[in-house]
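Participant: Residue numbers (the UniProt record's numbering), protein chains in the order written: chain A, 1 to 266; chain B, 1 to 292.
It cannot be assumed that every hint is accurate.
As the list claims (entries may be wrong) - Under 8 Å between C-beta atoms, here's a sample of chain A residues computed to sit facing chain B:
#	residue
1	N66
2	M68
3	L71
4	V72
5	Y93
6	E96
7	E97
8	R99
9	G103
10	K108
11	P113
12	Y122
13	G123
14	I126
15	I179
Hints are computed from structural coordinates only; laboratory data are not their basis. Using N, Cα and C, we set each Cβ at its ideal position, and we do this for glycine too.
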Amino acid sequence: MVQTLEKGSVLNKESSSIVYDTQQLNLWYGTHHALKNINLQIKENEVTAIIGPSGCGKSTYIKTLNRMVELVPTVKTSGKILYRERNIFDADYGVEELRTKVGMVFQKPNPFPKSIYDNIAYGPRIHGIKNKKILDEIVEKSLRGAAIWDEVKDRLTTNAYSLSGGQQQRICIARCLAIEPDVILMDEPTSALDPISTLKVEELIQELKKEYSIIIVTHNMQQAARISDKTAFFLNGEVVEFDDTDVIFSTPADKRTEDYISGRFG
Amino acid sequence: MNYVNHKSVIKRMNKRLIVNRVFKTIFFIATLFALVVLAVLFYRIITQGIGYITPDFFQNFGSRFPEKAGIKAALIGSIWLMCVVAPVSIILGVGTAIYLEEYAKKNKLNDFIRMNISNLAGVPSVVFGLLGLTIFVRALSLGNSILAAGFTMSLLILPVIIVAAQEAIRAVPQDVREASYGMGATKWQTITQIVLPSAIPGILTGAILALSRAVGETAPLVVIGIPVIIQFLPENLLSQFTALPMQIYDWAKRPQAEFQFVASAGILVLMAFLLIMNSIAIFIRNKFQRKY
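Isolated chain A, as found in the complex (with noise of 0.2 Å):
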């Protein structure tokens, strides 16, 4: 009896645990399937890098997970993706609120053309924050949790876009930092940066992962195996494999993963 209980609750905690539970997704553009029965399950508060070659559905799977994938009139989805067990395809889930949890840094930096302020205070605006002094507060740990603060705290009403690349990144990350959100999702943060940058960049993910679940979408192979947790092979829009990153890199289980990551394709 007792042992049963503590079973019991050892399933819950690790079910709890879960941020995603994707169960059979499929997914078209149109007539081209480009996700095809798709199950994976992502943990709190780790890293999961989805790697795979062009075209292979990778970027597709982080988008449908804040579903902006549907910003393509002709994507049609079956399956379901449970966000803390609760399916984000029911009719009563709105976008808006996942996408409140659930925030978005993109592969090429896309401040707003405003003040650096006002890029950071945009979410908690349009959520309906209004007073000067909590923005104050929520822009500077936004900056700091970007690690980006004392590079802009005296020019904070400057245009974010006088700013390199690899700070409009950063802000961009400080933005969606200031939904304080559960989930960020990356779709190749770092491939329009330069390795200085990207280091940076990299830095801060594991800084963020104390705090966030992350899941990040990487072209590198190197960046996959340095920074993530877990790692997902896609490839033509399967998950060929699923494990622990050490595993992944070191002796995996599919042949076609060990010829990706040996560079034989893709």
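Starting from the known structure of chain A, fit chain B onto it as the hints suggest.
Facilitator: Positioned in the frame of chain A, the structure of chain B alone reads:
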């Protein structure tokens, strides 16, 4: 073996350079032609009209006598007309553009609407005059009032404003929209806070250029029967009025030679009016332009 024979390339080089020069000259002459014609026109109008531009010219109403004829009624009338045309056409035009670009789904009906808006921009203005005459002047019994003329002119320039606004909205990069949606913003918040602030310079520039077209249009006013000689200023939107191009048209067709000079003076006033509006458009574009 080389495919490029450098000897023959050098042999042909002279010929190619000559052709190059010939076309440059042709295009320069084409530009010069337009400029010369414009300069001659300006010279004629300015020399003829400048003498009639006096304080009295702005203070007098129309008259049978050229020396007493003034442009007061027409100038004020045109300003009143713009006060109707600007809000009506900008609100309807920008609203339509936002709907078509941001909300409308891509289907056959909407494609058909989009295509026909561009076609409407090419419909002759006299046709819009007939439309205005039927709907606003007769069916809605607005008579030949400022309101009827304003609505007609709004319809005339609406397609131009819609197309300009659509282009300005489309020029806002998709990735900043995505950034906004990605933070849980609604469509409306994204439109008001991200899309419109970036698109406004383009929208206003297009709108003002369209409005300057409305200032100069004559045909619709003739069709809806705007009078030319009016001895009072409009009191409200249902008043009768006259406008600058009507007044110029009337003076230009009169037999007395002096009235040709008065017409030139009227054209100068109209051109100054247009120049001011275009300057505002350029000022807005430069001041609010955002770079991506």
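Participant: Can K108(A) be said to touch chain B, with a Cβ gap under 8 Å?
Facilitator: holds, 6 Å
Participant: Holds or violated: the hint that P113(A) contacts chain B, with Cβ atoms closer than 8 Å.
Facilitator: Holds: closest Cβ of chain B sits about 4 Å from P113(A), inside 8 Å.
Participant: Quick one, is the M68(A) hint okay against chain B at 8 Å, beta carbons?
Facilitator: holds, 6 Å
Participant: Given G103(A) was flagged as interface, is its beta-carbon under 8 Å from a beta-carbon of chain B?
Facilitator: Constraint on G103(A) satisfied, holds at 7 Å.
Participant: Taking the closest Cβ pair, is N66(A) under 8 Å from chain B?
Facilitator: holds, 7 Å
Participant: Can the hint on Y93(A) be confirmed by a CB-to-CB distance to chain B that is less than 8 Å?
Facilitator: violated, 12 Å
Participant: Can I126(A) be said to touch chain B, with a Cβ gap under 8 Å?
Facilitator: Nearest chain B Cβ about 5 Å off; hint holds.
Participant: Quick one, is the I179(A) hint okay against chain B at 8 Å, beta carbons?
Facilitator: holds, 5 Å
Participant: Closer than 8 Å between Cβ atoms is the bar; does G123(A) clear it against chain B? Give me holds or violated.
Facilitator: Since the shortest Cβ distance to chain B is 4 Å, the answer is holds.
Participant: For the restraint on Y122(A), tell me whether the closest CB of chain B is nearer than 8 Å.
Facilitator: Interface hint status for Y122(A): holds (7 Å vs cutoff 8 Å).
Participant: Identify whether the interface hint at V72(A) stands, where standing means a beta carbon of chain B within less than 8 Å of its own.
Facilitator: Status violated, d = 11 Å.
Participant: Using 8 Å as the Cβ threshold, decide whether E96(A) counts as touching chain B.
Facilitator: holds, 4 Å
When the structure is compared with the earlier hints, violations turn up for hints 4, 5 and for no others.
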